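K.L.:
Sequence:
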Amino acid sequence: MASYDPAVSGFVIQKLQIMENLIDADETGKLRPSLATKWKASDDGLTWEFSLRNDVLFHDGSNFDANAAVFSLKRAWEKPGVLKKAPITDIFSKDDKVIVSLKSPFAALPAFLAHATTVIPAPSTINAEGQSIALIGTGAFSVSKFTPPQSISLIRNEKYWGDKAKLETATYLAAGRAETRALLAESGDADIVFTLDAAGYSHLKHVETIQTFAVPIPRVVVLKVNAGHPFFKDTKARQALSLAIPRDG
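Per this note's numbering, residue 225 is the first one in the sequence shown, and the count goes up by one each step.
The hints are simulated quantities; they were obtained by calculation from the structure and are not laboratory data.
Predicted model only: the values in this text are computed from it and were never measured.
Certain hints may be false.
[Said to hold, decoys possible] Computed list of lysine-lysine pairs in BS3-like fashion (alpha-carbon distance at most 27 Å, straight line): (1) Lys327 with Lys309; (2) Lys262 with Lys388; (3) Lys390 with Lys369; (4) Lys321 with Lys308; (5) Lys390 with Lys239; (6) Lys448 with Lys429; (7) Lys309 with Lys448; (8) Lys383 with Lys429; (9) Lys303 with Lys239; (10) Lys388 with Lys254; (11) Lys369 with Lys308; (12) Lys239 with Lys327; (13) Lys321 with Lys303; (14) Lys390 with Lys309; (15) Lys254 with Lys264; (16) Lys383 with Lys369; (17) Lys369 with Lys309; (18) Lys369 with Lys388; (19) Lys298 with Lys262; (20) Lys262 with Lys383; (21) Lys448 with Lys308; (22) Lys262 with Lys321; (23) Lys262 with Lys309; (24) Lys264 with Lys318; (25) Lys429 with Lys457; (26) Lys239 with Lys321; (27) Lys308 with Lys383.
[Stated by the list, open to error] Quick list of the computed label-pair ranges, beta carbon to beta carbon: (28) Leu391 with Pro440: 24 to 30 Å; (29) Pro304 with Phe370: 20 to 26 Å; (30) Lys457 with Ser266: 17 to 23 Å; (31) Asp319 with Ser411: 43 to 49 Å; (32) Thr371 with Ser328: 42 to 48 Å; (33) Leu447 with Lys369: 41 to 47 Å; (34) His430 with Asn291: 54 to 60 Å; (35) Pro304 with Thr395: 25 to 31 Å; (36) Lys457 with Leu391: 56 to 62 Å; (37) Asp458 with Ala358: 56 to 62 Å; (38) Leu270 with Gly354: 27 to 33 Å.
For each residue, glycine too, the CB sits at the ideal point set by N, CA and C.
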């Protein structure tokens, strides 16, 4: 993670439970409440209303409220990210709720507000020039030390609104190569490593002191065929490619 800005590093900020979204998604992708307790659209689909939790503090002790949420969401709307793709005309607060106005109905808006680029940082993290200068959110962990891009150390947020984290502290190290991550695990310098390559995973499976797990992830890989390539002028080549695709799921 090389930036304080959720538009750049939101995925890591979200997964490390430093900052949170109005809406969360469970392991199956089903939406569930987070900083927002409920949400609804108007009959014409042009206005969404989000009711917020009233017992939430940012790590700096400031209150999370509709104004703080609107400030962050407007900033996310201005930056590259999913909100740029939504037909939003305005984001504002009313009666301690967040209101999003649309120029056309957009049923996917709640899902967009669960995206990593729409996490809610404290307003104090933005300086006068509009730059992100700190990592302060509402999550289960707060940042004790950040040395971008090499490492980040976290401590448990004792005033967290939800279930308290089981760990008191956690430190994450950046290791860009899969081989390096495998070596960190084997040497004991890391308790957990992710996204190993096939060779590293196969090797670690045979190390007695290490447990390995392989789990499916919600990701779609799209392969596009260059139909203009001379190879595909041959009907049999096209048929062969079609037959090679498993269609039974």
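K.L.:
Hint by hint, note whether the structure agrees.
P.N.:
Hints, one by one, checked against the model:
Among the hinted pairs, Lys327 with Lys309 is consistent with the structure: their alpha-carbon atoms are about 12 Å apart, no more than 27 Å. For the suggested pair Lys262 and Lys388, the alpha carbons sit about 22 Å apart, so the restraint of at most 27 Å is met. Our distance criterion of 27 Å between C-alpha atoms is met by Lys390 and Lys369, whose separation comes to about 20 Å. Proposed proximity of Lys321 and Lys308 is supported: the alpha carbons are some 22 Å apart, at most 27 Å.
At roughly 16 Å between alpha-carbon atoms, Lys390 and Lys239 fall within 27 Å of each other, so this suggested pair holds. With a C-alpha separation of about 34 Å, the suggested pairing of Lys448 with Lys429 is violated against the 27 Å cut-off. Between Lys309 and Lys448 the alpha-carbon distance is near 23 Å, which keeps this suggested pair within the 27 Å criterion. Of the supplied pair hints, the one linking Lys383 and Lys429 is violated, its CA atoms being roughly 39 Å apart against a limit of 27 Å.
Distance hint between Lys303 and Lys239 is fulfilled; the C-alpha atoms sit about 20 Å from each other, no more than 27 Å. A distance of roughly 23 Å separates the Cα atoms of Lys388 and Lys254; the hinted pair therefore holds under the 27 Å criterion. A threshold of 27 Å between alpha carbons decides the hint, and for Lys369 with Lys308 the separation of about 32 Å lies outside it, so the pair is violated. Between Lys239 and Lys327 the alpha-carbon distance is near 32 Å, which puts this suggested pair outside the 27 Å criterion.
Between Lys321 and Lys303 the CA atoms are separated by roughly 23 Å; this keeps the pair inside 27 Å, and the hint holds. With a C-alpha separation of about 37 Å, the suggested pair Lys390 and Lys309 falls outside the 27 Å cut-off, and the hint is violated. As the CA atoms of Lys254 and Lys264 are separated by approximately 16 Å, the hinted pair is consistent with the 27 Å bound. Among the hinted pairs, Lys383 with Lys369 is consistent with the structure: their alpha-carbon atoms are about 19 Å apart, no more than 27 Å.
At roughly 34 Å between alpha-carbon atoms, Lys369 and Lys309 are farther apart than 27 Å, so this suggested pair is violated. Proposed proximity of Lys369 and Lys388 is supported: the alpha carbons are some 20 Å apart, at most 27 Å. This hinted pair checks out: Lys298 and Lys262 have alpha carbons roughly 20 Å apart, not beyond 27 Å. A hinted pair counts as satisfied when its Cα atoms are at most 27 Å apart, and Lys262 with Lys383 qualifies at roughly 22 Å.
A hinted pair counts as satisfied when its Cα atoms are at most 27 Å apart, and Lys448 with Lys308 qualifies at roughly 26 Å. Proposed proximity of Lys262 and Lys321 is supported: the alpha carbons are some 10 Å apart, at most 27 Å. Taking the CA atoms of Lys262 and Lys309, the gap is near 23 Å; set against the 27 Å cutoff, the hint holds. For the hint pairing Lys264 with Lys318, the CA-to-CA distance comes to about 14 Å; that is within 27 Å, so the pair holds.
Annotation: proposed proximity of Lys429 to Lys457 is violated, straight-line Cα distance about 45 Å (limit 27 Å). Proposed proximity of Lys239 and Lys321 is supported: the alpha carbons are some 26 Å apart, at most 27 Å. For a cut-off of 27 Å, the pair hint linking Lys308 to Lys383 is broken: about 33 Å separates their Cα positions. Look at Leu391 against Pro440: about 25 Å separates their beta carbons, and that is inside 24 to 30 Å.
Range check, Pro304 to Phe370: about 22 Å between beta-carbon atoms, so the 20 to 26 Å window is met. For Lys457 and Ser266, the Cβ-Cβ distance of about 54 Å falls outside the hinted range of 17 to 23 Å, so the restraint is violated. Taking the beta carbon of each, Asp319 and Ser411 are about 56 Å apart, not inside 43 to 49 Å as hinted. Under the hint 42 to 48 Å, the C-beta atoms of Thr371 and Ser328, about 45 Å apart, fit the expected range.
Between Leu447 and Lys369, the C-beta spacing of about 42 Å keeps the proposed range 41 to 47 Å intact. About 55 Å separates the C-beta atoms of His430 and Asn291, a value consistent with the hinted range of 54 to 60 Å. The hint said 25 to 31 Å for the Cβ distance between Pro304 and Thr395, and at roughly 30 Å that hint holds. Checked against the hint of 56 to 62 Å, the pair Lys457 and Leu391 passes, with Cβ atoms roughly 59 Å apart.
Between Asp458 and Ala358 the Cβ separation comes to about 60 Å, which falls inside the hinted range of 56 to 62 Å. With their beta carbons about 29 Å apart, Leu270 and Gly354 fall inside the hinted range of 27 to 33 Å.
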